[in-house]
Amino acid sequence: MLRSGNCAINIYWLQVNVMISYARFLRACLPALAVMVTGIALAQSPVTLLNVSYDPTRELYVEFNAAFARYWKAQTGQDVIVKQSHGGSGKQARSVIDGLDADVVTLALAGDVDALYINGALIPQNWQQRLPHNSAPYTSTIVLVVREGNPKAIRDWDDLVKPGVRVITPNPKTSGGARWNYLAAWEYARRKYGSEAKAKAFVAALYQNVPVLDTGARGASITFAQRNQGDVLISWENEAHLLEKEFGNRVDIVYPSISILAEPPVTVVDKNVDRKGTRKVAEAYLNYLYSDEGQDIAGKNYYRPTSAKAQEKYLKQLPKLPLFTLEQAFGSWARADKDHFEDGASFDQIYTRK
Amino acid sequence: MRKVLPGFGITLGFTLTYLSLIVLIPLSALLFKTMSFTWEQFEAAVTSARVVASYRLTFGASLLAALVNVVFGLLVAWVLVRYEFFGKKLIDALVDLPFALPTAVAGISLTALLASNGWVGQIFESWGIQLAFNPTGVVIALIFIGLPFVVRTVQPVLEDTEKELEEAAACLGATRWQTFARVILPAITPALLTGFALAFARAIGEYGSVIFIAGNMPMVSEITPLLIVSKLEQYDVPGATSIAVVMLAISFSLLLLINALQAWQRARSGSPA
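Top line first, the protein sequences correspond to chains A and B. No gaps in the numbering here: position 147 of the first sequence is 191 in the numbering used here, and each next residue is one more. No gaps in the numbering here: position 5 of the second sequence is 28 in the numbering used here, and each next residue is one more.
The shape of chain A in the complex, shown without the other chains (with noise of 0.2 angstroms):
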């Protein structure tokens, strides 16, 4: 009896121990365990970032965004999923200015960049000398359409003031795209004729010729190769070769004797991303922009490539022509705008001086 109830006390008394022991282990396992734990979910919850951008750059981007996922799954395990919305660029300012929850916007210019810091401070002032080129990890610049053949025979800017030539372009004040190509046509006239005033009665004679003035770049695109209207589009070079791909029997590139050096700039919205904890993975999908791998993606949708090895790349498709910048020829967007975009200025003389 005893022995027996010595041993049940004995077999008890082991249980006992082993479970002490299990606890202890389990216990100084525990950190451990938990950095596993987190590390795993860390690793494996998918992070989202929205990239906000404009129009034509709806192609580039989805297989950016690819590249980039491929990247940052290698570089830390983690899964990143990046979400793109294309509008009109200064509608995309407006709407990350009225809360669009966007981690970068990658715009067409400056000015629609600006008014993140000037209407909403949801990034600093000095935003372009965070990343090299002026923020802009890619350019483009603007060229000319014309219809298969060239039948009006336009070679360079002046041939747009021709009588009898229909021009398309988009309004510049509801388009950003179109603000480059009024700037382009005033400066080249102003090298060639010497002088702010005939600069302006150039510009006036050009927009005397379009027939139609589209709300946005991808809609001029279609009034002109698909609705068939006006005999040249002023367009980003991007866009031109976009629509050659899509209607090559139907349109040619011509490229003008210069042209300006059109600087779409990327950028984080750090308020934005400081609230959603985003910030590092932001950064690097910009920084990836000037990677070997992305400059070449640019290059291949016809974006012209920062780096001189995807230049040379793509040398073929992407010619080089005299460009200038906006700087160099207007000061900067603030100016520009003042001087020809707001209500009252150059555009706006242009149909209310009559």
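Nothing false has been slipped in among the hints.
Simulated crosslink set (PhoX-like; lysine-lysine; CA at most 25 angstroms straight-line):
hint: 1; chain 1: B; residue 1: K56; chain 2: A; residue 2: K135
hint: 2; chain 1: A; residue 1: K135; chain 2: A; residue 2: K320
hint: 3; chain 1: A; residue 1: K364; chain 2: A; residue 2: K289
hint: 4; chain 1: A; residue 1: K382; chain 2: B; residue 2: K56
hint: 5; chain 1: A; residue 1: K196; chain 2: A; residue 2: K289
hint: 6; chain 1: A; residue 1: K344; chain 2: A; residue 2: K357
The set of hints was computed from the structure by calculation and includes no laboratory data.
Given the coordinates of chain A, work out where chain B should sit on it, guided by the hints.
Just chain B now, with coordinates in the frame of chain A:
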């Protein structure tokens, strides 16, 4: 005097609260934003040449489109009420389509159809008439979106007018025109006016379908809503709301006028319709 229906107090209270929430508060926000302008700035914003030209186009084209819809909407309603034919139900349903279609889709399809290389546009092009990218295009788009308003307001009233009345008029020796002008028309005029007011108001505010077909040339084919949008794009919120306030004021007085006209017509014809 005791009201026949109970609950006047509570329903009026509800109506006022609901209207304030849905209509008055957003509209007062509009006025509030405009307040950041001085009177001179306001005046300059709403009377600049481009803006005035756009009022002319918006209100002119809307008026024209609503008038066209009154005539042809009445015709459609008449046919749908008075005749039986194969496929009537289908045509009846077709009338509502402009309600349901996203306006941008309407605008793009109309443009594709009416541009000089479209099916319809090329026929007119050969006669030297351009249908798209000018004020004509604006009117056509506005006719499209306004049609159901007239048909759907006139149809039920027309169904209620008794055929016997017309027969009686004919028996008493009225000509067909007299029957129409003296018997049918007075009965349906209030409904026609309502339909007209709805189509007109809808056309004034229309944006989506018009911008595709208008061509948007300053001073020529730029509608007021587009100017408001382009002001917003330039972060000129008070400028945009100023124009909106003027538009609202004009629209409201026009609608009030139409309501008054309706009341007067009712009193004159003595019909409670």
